[in-house]
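Chemist: For reference, the chains in residue letters:
There are 2 protein chains.
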Amino acid sequence: MKHVKLFIPGPIEVSEKTLQAFRSPMIGHRSNDFKKLYAEIQPKLQQLFCTTKPVYISTSSAWGVMEASLRNLVSKKVLCCMKGAFSDKWLDVATRCGKQADKLQVEWGQPITPEAVRAKLSEGGFDAMTLIHNETSTGTMSPLADICAVVKEFPEVRLIVDTVSSFSAVPIDFDQLGIDVLLTGSQKALALPPGIALFALSDAALERAATLKDRGYYFDFVEFQKNGAESMTPSTPSIGHIYALRSVLEDIFAEGIEARFARHTTTNQMVRDWAKSKGFDLFPKPGYESLSLTCIKNTRNLDIAAAVKQLREFGFSIDGGYGKIKDKTFRISNMGNETPDTMRELFSALDQVFPNP
Amino acid sequence: MKHVKLFIPGPIEVSEKTLQAFRSPMIGHRSNDFKKLYAEIQPKLQQLFCTTKPVYISTSSAWGVMEASLRNLVSKKVLCCMKGAFSDKWLDVATRCGKQADKLQVEWGQPITPEAVRAKLSEGGFDAMTLIHNETSTGTMSPLADICAVVKEFPEVRLIVDTVSSFSAVPIDFDQLGIDVLLTGSQKALALPPGIALFALSDAALERAATLKDRGYYFDFVEFQKNGAESMTPSTPSIGHIYALRSVLEDIFAEGIEARFARHTTTNQMVRDWAKSKGFDLFPKPGYESLSLTCIKNTRNLDIAAAVKQLREFGFSIDGGYGKIKDKTFRISNMGNETPDTMRELFSALDQVFPNP
Numbered sequence: 108m109k110h111v112k113l114f115i116p117g118p119i120e121v122s123e124k125t126l127q128a129f130r131s132p133m134i135g136h137r138s139n140d141f142k143k144l145y146a147e148i149q150p151k152l153q154q155l156f157c158t159t160k161p162v163y164i165s166t167s168s169a170w171g172v173m174e175a176s177l178r179n180l181v182s183k184k185v186l187c188c189m190k191g192a193f194s195d196k197w198l199d200v201a202t203r204c205g206k207q208a209d210k211l212q213v214e215w216g217q218p219i220t221p222e223a224v225r226a227k228l229s230e231g232g233f234d235a236m237t238l239i240h241n242e243t244s245t246g247t248m249s250p251l252a253d254i255c256a257v258v259k260e261f262p263e264v265r266l267i268v269d270t271v272s273s274f275s276a277v278p279i280d281f282d283q284l285g286i287d288v289l290l291t292g293s294q295k296a297l298a299l300p301p302g303i304a305l306f307a308l309s310d311a312a313l314e315r316a317a318t319l320k321d322r323g324y325y326f327d328f329v330e331f332q333k334n335g336a337e338s339m340t341p342s343t344p345s346i347g348h349i350y351a352l353r354s355v356l357e358d359i360f361a362e363g364i365e366a367r368f369a370r371h372t373t374t375n376q377m378v379r380d381w382a383k384s385k386g387f388d389l390f391p392k393p394g395y396e397s398l399s400l401t402c403i404k405n406t407r408n409l410d411i412a413a414a415v416k417q418l419r420e421f422g423f424s425i426d427g428g429y430g431k432i433k434d435k436t437f438r439i440s441n442m443g444n445e446t447p448d449t450m451r452e453l454f455s456a457l458d459q460v461f462p463n464p
Numbered sequence: 108m109k110h111v112k113l114f115i116p117g118p119i120e121v122s123e124k125t126l127q128a129f130r131s132p133m134i135g136h137r138s139n140d141f142k143k144l145y146a147e148i149q150p151k152l153q154q155l156f157c158t159t160k161p162v163y164i165s166t167s168s169a170w171g172v173m174e175a176s177l178r179n180l181v182s183k184k185v186l187c188c189m190k191g192a193f194s195d196k197w198l199d200v201a202t203r204c205g206k207q208a209d210k211l212q213v214e215w216g217q218p219i220t221p222e223a224v225r226a227k228l229s230e231g232g233f234d235a236m237t238l239i240h241n242e243t244s245t246g247t248m249s250p251l252a253d254i255c256a257v258v259k260e261f262p263e264v265r266l267i268v269d270t271v272s273s274f275s276a277v278p279i280d281f282d283q284l285g286i287d288v289l290l291t292g293s294q295k296a297l298a299l300p301p302g303i304a305l306f307a308l309s310d311a312a313l314e315r316a317a318t319l320k321d322r323g324y325y326f327d328f329v330e331f332q333k334n335g336a337e338s339m340t341p342s343t344p345s346i347g348h349i350y351a352l353r354s355v356l357e358d359i360f361a362e363g364i365e366a367r368f369a370r371h372t373t374t375n376q377m378v379r380d381w382a383k384s385k386g387f388d389l390f391p392k393p394g395y396e397s398l399s400l401t402c403i404k405n406t407r408n409l410d411i412a413a414a415v416k417q418l419r420e421f422g423f424s425i426d427g428g429y430g431k432i433k434d435k436t437f438r439i440s441n442m443g444n445e446t447p448d449t450m451r452e453l454f455s456a457l458d459q460v461f462p463n464p
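Top line first, the protein sequences correspond to chains A and B.
Per my numbering, the first sequence runs over residues 108 to 464.
Per my numbering, the second sequence runs over residues 108 to 464.
Quick caveat, the hints were computed from the structure, so don't treat them as lab data.
A couple of the hints might just be wrong.
If chains are identical, the list can't say which one is meant, so a pair holds when it fits in one copy or spans any two.
[As the list claims (entries may be wrong)] Distance condition first, Cα-Cα at most 27 angstroms in a straight line; then the derived BS3-like pairs of lysine-lysine: (1) K112 to K143; (2) K142 to K431; (3) K142 to K109; (4) K142 to K112; (5) K431 to K196; (6) K431 to K143; (7) K184 to K320; (8) K196 to K183; (9) K196 to K142; (10) K109 to K143; (11) K112 to K124; (12) K431 to K392; (13) K416 to K142; (14) K385 to K404; (15) K320 to K206; (16) K333 to K183; (17) K433 to K333; (18) K227 to K210; (19) K259 to K184; (20) K196 to K333; (21) K184 to K206; (22) K124 to K109; (23) K431 to K333; (24) K320 to K196; (25) K210 to K320; (26) K433 to K143; (27) K109 to K151.
Build out the structure end to end from the sequences listed, making use of the hints.
Modeler: What follows is the structure in structure tokens.
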């Protein structure tokens, strides 16, 4: 089967070096070899999360840690900020976990604003809030720092931030922003295979967790803390992913974090420019476009499904739109290891599939 | 770093072929490529589980599905059969999930007997039971078929069976035994890297799940069923593991299931013979010894930790005993791809570390 390079918003292309690390021979997960591996990557993970706290590794998709955050932090009522397919789902998941939940909902493509958060939290009764920084379904990025500042006005509210598709593509300072749970997946900008999620916890998050019943075992934050202190995970982890993560961290710090952010900004601008050159608008409200993936409005009313299919013949995969905006939009990722050169390879193929306006 | 071959009871050695499959380039998890992969392995998984039901793939360790089973099936009270470190933990996890739980506990090394199960279930009030077929910490295997027959006498009781370290090493017929949840991990006899768990569900299990609140999303059995019907998983799965699983299934059916079982019986007997030749007894009650790993009693009072350490110099890793029987026992796995020849390589090294009696 001919390889099709992924420019969908996750999973994305994984480098040969990372795949080689991924397939390392196994070691015992309670062995000194494992503890050494775990401890070795901690400082780099902490630097990437901008935190002095430990960074935890969950063998699950990011949804596992999202659910964990609800089970570990919501005692009274959670406010779910909804602006697209994934953030909308939080409310449903909260209810399924038996939690009281309310919503702050905006149209797909609109951001969550600090003002709206303040107004809603002021209604009272909330002790947690969920926010997706970069809504992957709509390519819309909400103003994280401003929202975090507002949440700080409500000391009882623990802030759960999902940075699945923005983490490591844009700066996110866990300690400075005062986030309580910062979580991300592996198969987005980190350019790892899917299968693990990473997260950091504030002291307040752990204190809250310790008081909650029914948080279970597999996703119990207190268990992660306890085992993490001994450079281990509560349950058998996906060891291959941790080797791969070590490889990715090497690459990130070899490039330099700032250079990495700048590269994502550059490649993202290239996608926006390409879209405009083809006569398309962007889907998100101007000023709130994601820097890691671009959600393009199908303003020309082309057959997106056919275009996506045709593009595969050229060896590239982009996404034909998610959920209710399928076909009305399409999405191109610039996450991970892409450079201006590799983006140009994509555009050459795209140009053959999307006619000039 | 020199590679140390694993004869610990999980993770175990993964073949080069499987590791190559594990590191396959990524595909979208909602793509036709993925659905094809998922659908392709289903018939082989069903044959291995001896079931006409779908087999589900969870991106988690087996503990994730153990917790899932409690959240999805326990409405009234669960009976936890306890006979070692892992089965003992079920009771704690059940309580942490907010479930009413009671125990049937025997000494480590003793099996769970059908008679004891009948006596305990007869007390009434139970609607689920957990059983670890092959307790990995003590190398003790309970008589699964006889226990299943007893549980059938209690139609309200959903039977959750953990076959983490016996699955694919000994025959287990899901449909015939009338099990409600049969679950296993990847890093034991299946010889995959850790990171996924596999499970099958009876109709009664799914019916019960549908009536329970608070089962969440990530481990919701109904979501697995719904997504599985479309050859997908509820959340982004570990795609590398599924490629690796396909590779392992090829190997299992190329060898033949019966031949595989026979090979495990042969290699297991070799471990028992080696232990006896060195003057050791086996830890489990005679007649209940595991066929996939051997828990050896340190009857000669040797320094097990030192022996385990020394063995690593020869390139092999065995386990120095788990929890409260650490040093008092040690464990050797014959799970996965080991043959009489590869076992003999291990014994040559063991002979240099363990003096004759």
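Chemist: Can you list which hints this structure breaks, lowest number first?
Modeler: Hint check: nothing fails, all pass.
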